[in-house]
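J.: In order, the protein sequences belong to chains A and B.
Numbered per this note's numbering, the first sequence spans residues 1 to 146.
Numbered per this note's numbering, the second sequence spans residues 1 to 287.
Read the hints as simulated data drawn from the structure, not as lab findings.
These figures come from a predicted structure and were not determined experimentally.
Any given hint could turn out to be false.
[To be verified] Which bits of chain B does chain A cover? Going by a derived footprint, with three or more residues having C-beta under 8 Å, they are:
no. : segment
1   : 92-106
2   : 210-220
[As the list claims (entries may be wrong)] Think about it this way: if two alpha-carbon atoms lie no more than 30 Å apart in a straight line, the pair counts; the simulated DSSO-like pairs of lysine-lysine are:
no. : chain 1 : residue 1 : chain 2 : residue 2
3   : B       : Lys-161   : A       : Lys-12
4   : A       : Lys-58    : A       : Lys-130
5   : B       : Lys-212   : A       : Lys-58
6   : B       : Lys-199   : A       : Lys-12
7   : B       : Lys-179   : A       : Lys-130
8   : A       : Lys-130   : A       : Lys-119
9   : B       : Lys-212   : B       : Lys-199
10  : B       : Lys-199   : A       : Lys-130
11  : B       : Lys-179   : B       : Lys-212
12  : A       : Lys-119   : A       : Lys-58
13  : A       : Lys-130   : A       : Lys-12
14  : A       : Lys-58    : B       : Lys-73
15  : B       : Lys-161   : B       : Lys-179
16  : B       : Lys-73    : A       : Lys-12
17  : A       : Lys-58    : B       : Lys-161
By construction, the Cβ of each residue, glycine as well, lies at the ideal position given by its N, Cα and C atoms.
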Amino acid sequence: MSEPDAAGFEPKIIAYVCNWCTYLGADLAGTNRLQYPANVRIVRLPCTGRIDFNLVVKAFEIGADAVLISGCHPGDCHYTAGNYHARRRWMLFRELLDTLGIELDRVHFHWISAAEGRKFQQVMTEITEKTRQMGPYRAYREICQS
Amino acid sequence: MSTQERLHETCRRLLEEGTVQVVIGYAHTAPGEPAFPVFISDPADVGQLVWNRCCLANLTKYLLRQEIRALGKPAIFVKGCDERALVVLQRESQIDPAQMLSIGVACRGEESPRHAACAACDVRRPRFCDIMIDEVPDDPPPVAASSAAARYADLEIFLTKTPAERVAYWTEELSRCVKCYACRQACPLCYCQRCIADKNRPTSIDTSATLKGNFAWHITRAFHLAGRCVGCDQCTRACPAGIDLRLLNLSLARAAELQFAYRAGIDRQADPPIGTCSERDQESFIQ
């Protein structure tokens, strides 16, 4: 994989989103013609409760510079409690990532509802800009290429 | 009557009366060597059983094995940490307490070198066993060991490193992993019939013993034990490469204790953090 130089660095961001809220938020952003950076690759999953922690690892393995996980606000889950289960899992998983020294600044969590097209646009822009400033995530890439 | 004699007598009686069909215990090896597991079905063989400070294995692992289950109703020796594993296994419906008998032995911890997990242990005496042998440990736990600070002291020291130093540490450590999966095989709570590491359609965890696959494996192994690991440290003992997996387990145990006031296998009634949920969980990282 060729590495663009610092000036030409375009962050790769993988967004794991839930089908019922954030994906529809993205859809709303689209139908409202709200521009957001093309750096984001959206992966749609049934529920935040379905987002396996391995997917975060996988994203970094294949060269993501940042990962976003987003779903329904608390109380809004299509399956009643999927996002509550997910929240607990991330509360623990972040500690493990921290112990391993994986940069927590590169794993983002948001609640974005189907009505929040504007929030979707803002979050994607913020994450892209933040990741652009942090630069490519070389540490995990080096682990995966050695 | 010595502990050893009482142990022999109890096991002989259990087998002769037919209360159990097999005793899962420890047998003597060379002095100073870890005692190996033994499965006694004949009352005449109970003399093989020993209890000393070389009895390190967590035998609860064997309760779920098909070939051991085929031997009939078991009586099993458990130390305090092993009993915590029993509590979790029961909670996860993996064992039926009515179909087994637990024989508790008070434990003084691994002797020399003093094992880190044993030094901070606060469950030296099993609490829920059907039969207790060796009621009073002559070496009560140090007071400091019962505090969370003592349990997670090694982790706290490790976390004073910067993230870059931590990645460097794990890169060095995990580069030695040969993917033998001894950590998985030794763990009483790693009981999936088909481990995710063995599934290849699709491959979640890179199968080769490269850093990529090793990181993926050790993240998965640790996190599949989130809020379940009882800290018996069999994984670290089993590791032929000497990787200190305890730090990863501790990070999740500490998170479970601090955020959900939960310690695996301590309270038989408590709900584990994973698999249950609450509207009242407090975090600050989801925007």
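J.: Hint by hint, note whether the structure agrees.
T.: Here is how each hint holds up against the structure:
1. Against chain A, the segment 92-106 of chain B contributes 0 residues with a C-beta closer than 8 Å to a partner C-beta. That does not satisfy the three-residue criterion, and the hint is violated.
2. Remark: the segment 210-220 of chain B is confirmed as covered by chain A, as 7 of its residues place a Cβ nearer than 8 Å to a Cβ of that chain, reaching the required three.
3. About 28 Å separates the Cα atoms of Lys-161/B and Lys-12/A, which keeps this hinted pair within 30 Å; it holds.
4. Between the alpha carbons of Lys-58/A and Lys-130/A the distance comes to roughly 21 Å, so the proposed pair stays at or under 30 Å and holds.
5. Pair hint Lys-212/B plus Lys-58/A holds up; C-alpha atoms about 10 Å apart against a cutoff of 30 Å.
6. At roughly 28 Å between alpha-carbon atoms, Lys-199/B and Lys-12/A fall within 30 Å of each other, so this suggested pair holds.
7. Under the criterion of a C-alpha separation no larger than 30 Å, the hint pairing Lys-179/B with Lys-130/A is inconsistent with the structure, at around 36 Å.
8. Note on Lys-130/A and Lys-119/A: the hinted pairing holds, with a Cα-Cα distance of about 16 Å set against a maximum of 30 Å.
9. Distance hint between Lys-212/B and Lys-199/B is fulfilled; the C-alpha atoms sit about 17 Å from each other, no more than 30 Å.
10. With a CA separation close to 36 Å, the supplied pair Lys-199/B and Lys-130/A exceeds the 30 Å bound.
11. Distance restraint check for Lys-179/B and Lys-212/B: the Cα-Cα separation of roughly 12 Å lies within the 30 Å cut-off, and the hinted pair is therefore satisfied.
12. At roughly 26 Å between alpha-carbon atoms, Lys-119/A and Lys-58/A fall within 30 Å of each other, so this suggested pair holds.
13. Proximity of Lys-130/A to Lys-12/A is assessed by CA-CA distance (about 12 Å); at most 30 Å being required, the pair is judged to hold.
14. Between Lys-58/A and Lys-73/B, the direct Cα distance comes to roughly 43 Å. Violation of the 30 Å bound is thereby established for this hinted pair.
15. With a CA separation close to 27 Å, the supplied pair Lys-161/B and Lys-179/B stays within the 30 Å bound.
16. At most 30 Å may separate the alpha-carbon atoms for a hinted pair to count; Lys-73/B and Lys-12/A exceed this at roughly 56 Å.
17. For the given pair, Lys-58/A sits about 25 Å from Lys-161/B by alpha-carbon distance, which is consistent with the 30 Å threshold.
In this structure, the earlier hints numbered 1, 7, 10, 14 and 16 are contradicted, and the remaining ones agree with it.
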